[in-house]
Amino acid sequence: YTAHMQRYMQEWEKLDLQFHGILTGFLGSPEQIQIVKQFLARFKTDSNITVIDPVMGDYGKLYPTYSLRLAEQMGELVPYADILTPNLTEACILTGTAYDPDMGEPELERLCRKLSEMGPKKIVISGLSRGEDLENFIYEDDEEDDCDCDCDDCDCDCEDQVYEIECPACNDVIYLDEE
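Residues 34 to 212 (the working numbering) make up the sequence shown, in order.
Accuracy of the hints is not assured; some may be wrong.
The list that follows gives simulated cross-link-like pairs (lysine to aspartate or glutamate, EDC-like), each with its CA atoms no further than 16 Å apart [to be verified]:
| id | residue 1 | residue 2 |
| --- | --- | --- |
| 1 | Lys147 | Glu173 |
| 2 | Lys94 | Glu105 |
| 3 | Lys154 | Glu105 |
| 4 | Lys154 | Asp175 |
| 5 | Lys154 | Glu173 |
Just so you know, the hints here were simulated from the structure itself, not pulled from any lab data.
Let the hints inform the model, and build the full structure from the sequences given.
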């Protein structure tokens, strides 16, 4: 499909096609990354949600099909993300941070802050090995919406924020409260 994407995008523009959501995953060549970048520049709006999964590596290493140059190009998609879903390896590659599989919450939060400075305000670092369990670390930069209230004294929705996560292993839905 890579060779046909330019024509598809031209037709979608003629049709004034609009997307509610955009999701990227594994991109295996510089050409694919550039096409996705062009797609995002044309079709990303304030009305849709863009999820970028920068699939590049795992366990502290790039996949054999990936080069450092390709990883740098993948980083060019990060500013388009509303939600970024790297694993720990990918988050470290994108930020130039040394890989440490045992990062704790403070280190993960710093890592997410670095990623958020690149554009996305919501980040899920997926597949963190914790003994026999796999965890996801969820971060939201709500700096603009920061509210130092008790939630009883204003109209904010601070206490109403709940995150829903589907476990890829068992498909159970997990609800996380901010509290």
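Evaluated hints:
1. Lys147 with Glu173: holds, 12 Å
2. Lys94 with Glu105: Given pair Lys94, Glu105 holds - Cα atoms ~14 Å apart, limit 16 Å.
3. Lys154 with Glu105: Cα-Cα ~20 Å, so violated.
4. Lys154 with Asp175: holds, 7 Å
5. Lys154 with Glu173: OK: Lys154 and Glu173 at ~6 Å, within 16 Å.
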